[in-house]
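Protein chains: 2
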Amino acid sequence: MPVLVVGSIGLDHIKTQTEEHADLLGGSASFAAYAASFYAPVRLVGVVGHDFPEQHKTLLAGQKIDLAGLEVADGATFRWSGEYEADMNNRKTLSIALNVFEHFSPKIPASYRDTDFVLLANIAPSLQSKVLDQVAKPKFIVADTMDLWIEIARKDLLDLLKRIDMLILNDSEAKALTGETNVLKAGRKILSWGPKYVTIKKGEHGSILLSATETAVLPAFPLEEVFDPTGAGDCFAGALIGYCASKNDASFATLRAAIVHATLVASFNVESFSLRRLAKLDTAQIAERAAKFKQVAGLA
Amino acid sequence: MPVLVVGSIGLDHIKTQTEEHADLLGGSASFAAYAASFYAPVRLVGVVGHDFPEQHKTLLAGQKIDLAGLEVADGATFRWSGEYEADMNNRKTLSIALNVFEHFSPKIPASYRDTDFVLLANIAPSLQSKVLDQVAKPKFIVADTMDLWIEIARKDLLDLLKRIDMLILNDSEAKALTGETNVLKAGRKILSWGPKYVTIKKGEHGSILLSATETAVLPAFPLEEVFDPTGAGDCFAGALIGYCASKNDASFATLRAAIVHATLVASFNVESFSLRRLAKLDTAQIAERAAKFKQVAGLA
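Chains as they are written, first to last, in this note's numbering: chain A, 1 to 300; chain B, 1 to 300.
Hints are computed from structural coordinates only; laboratory data are not their basis.
Any given hint might turn out to be false.
To be verified - In the DSS-like style, the derived pairs of lysine-lysine whose C-alpha atoms are separated by at most 27 Å in a straight line are:
| no. | chain 1 | residue 1 | chain 2 | residue 2 |
| --- | --- | --- | --- | --- |
| 1 | A | K92 | A | K64 |
| 2 | A | K247 | A | K196 |
| 3 | A | K139 | A | K196 |
| 4 | B | K175 | A | K92 |
| 5 | B | K292 | B | K247 |
| 6 | B | K294 | A | K292 |
| 7 | A | K280 | B | K185 |
| 8 | B | K196 | A | K185 |
| 9 | B | K139 | A | K185 |
| 10 | A | K92 | A | K196 |
| 11 | A | K196 | A | K137 |
| 12 | A | K294 | B | K294 |
| 13 | A | K294 | B | K189 |
| 14 | B | K185 | A | K292 |
| 15 | B | K196 | B | K185 |
| 16 | A | K294 | B | K92 |
| 17 | B | K292 | A | K292 |
| 18 | A | K185 | B | K185 |
| 19 | B | K139 | B | K92 |
| 20 | A | K15 | B | K185 |
| 21 | B | K64 | B | K139 |
| 22 | B | K185 | A | K92 |
| 23 | B | K292 | A | K189 |
| 24 | A | K107 | A | K139 |
| 25 | B | K196 | A | K294 |
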C-alpha cells in the first residue's frame, strides 16, 4: 500500500565538531519519504523554490517517490542551519529562512486523496490538519511534531490529536506537552487526548510504544559513532509508517515490528550527513542489521 | 553456589518531594546482599556500630543472609542523608557521617574464603582490593563503583580493574572514567583495562553489557512511579551475581539473563523506601514481572 508523506523540504547547512556541509537535502518530508520508500511506494507533498537543486529531486525520484505533489513556488527553498556540540544530543539552530515555506499550504493531488497510510511529518499542526481536510478516509494517520509547536501552537496540536491514530514525539517533548515528569504518564495523558497510539522516542536510549492496553519498550541499535543526527526522527517516522503500509496493517503487533525497522533505518541515517547513507542503503543491509539487532537486544 | 557480598552498611535519611524517612537500612552491601539472596545463599561482610538497630539485622538474617562477616565496631553506624528532586534522576547528598566506616578494613571470615562468586559492592576501590587479597580463587568477581571513586581514587580503581571479571557502573560514570562521550566506546576502553565484561547502567533507559566480542542491550522495566531510587544500582549488582551463582556460570548468555533479573529486582526496589519492597518480594512476583517484561520488551 502507498504512503502519503507531507512535511518540510529544505536545504540544510550543518556543522559538527569535525565537519561542515552546505546545501544538503533536508526537511522532515525528505527524510521521512526516503525512509518509507524502503518499504512502500511513497507520495510526497511539499514545497520548494526554483533554486532547489535538480540532484535532490533526482535522488528522491530515483527511489520511486512520486513527486506529483512537490510544489515549486516562486522564491527560495526553506533553509536551516544548525551546529552540533561534541555531545550530539545537543544542537543549536544558527539560522532559519522560511522562504517559500512561509506561505505553504499543502495541496493534496486528487490522485493521492485515497491514500490509506498518511504521515504528517513535522510541520505546523495547523498545516497537518489541512492535509486531513483533503484526504478521504485513511486507515492509519501518524503525526510527528517538535518542541516548537508545543510552545507556540499547542491548541492546534491538541486539535490535531483528535484526528490522528498515532503521535510520535521525543521524551522531552512528551514531558513538555503534558507537564508530566514520567514518560509513561506523559504517554498515557497524550492517549487520553485522542490518538490510539503514542510513540515516544528517546534517541540513543530507544523508544516506547503505548496504546490504552499495551506497552512496548525497545532499545536503540547501539552505535559507536554518530556523524549527523539530523533527520533521524523523521526517518524513524517514515520507516514506521512504510513498514505498516507494506503489511497493510496497524495492529499493535505490526507496530512493534515497525518500530524495530524505524530504529534500524534511523540508525543508518546518523552514519552520514543528509540522506547520503540512506542513498546507499538496500534491503539486504537492513535485513543484516535487523538480525544483528535481534541478537544484541535479545528479541524474539 | 553462595555469593560473597562486601560493601557498606548504613542508616539512611531520605527526603523525596512527598516523603521523608529516617534511620532506614541502607548501604551498598545491604541492598546487594538482599537482592542476591533471592537467587543464592549470601555471605555478608561489612561493619556497623553498636547503634545498628536489631530489626535491620533481623531483616537480613530472615533472608538467610550469613552475618558471620558482619563486624560490630565501637562507635556509630555509617549515616547518609540525601534529598531527591522532582526528577528522581537528580539527588543531592545533605550529609555523610562515616563513623565506624572511616577505619573499616574488610575481614573475610575463613569460612567465606573459598566463595566462587564475589561482589565487591560500592566502597572505596582500595577496600575492594583488600577483599581480593583474602579470598582463594573466585570463579567470578564483580565490582560496582561510583563517581566519587573515579574522582578521588582513580588509580586504585584502575588497579582493581586488572583483578576483576566485571565492572558495573552507570553511563555518566563510564564517560567520566574514560573521557569518552559514547557509552560503547567508554565500555570498550574499560574492557581494555582488564575486566572481561562491563555493564553500563542507564537508569530508566536500561543497560548495556559488553565483552570483547559480544554486546547486549536491554531496556529498563517501565514504571509509572518511582518512590525511592536509593539502592537500585546495588540491587541490580546483587541480583546479577546472585543469578550467576544460582547457575554456577558466568558465560555471556547467562550474564544476559542475569541482567534481566538485575533489572527486575531493581524495578521492585524503587517502589518503596529502603528494603521495604524487597522485604515483601517473593520469587513468584519476580517470575510474574519477568513474564511481563519479556512481553513488553519483546524478548526471546
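#### Entry: Violations among the numbered hints
1, 8, 9, 10, 16, 18, 19
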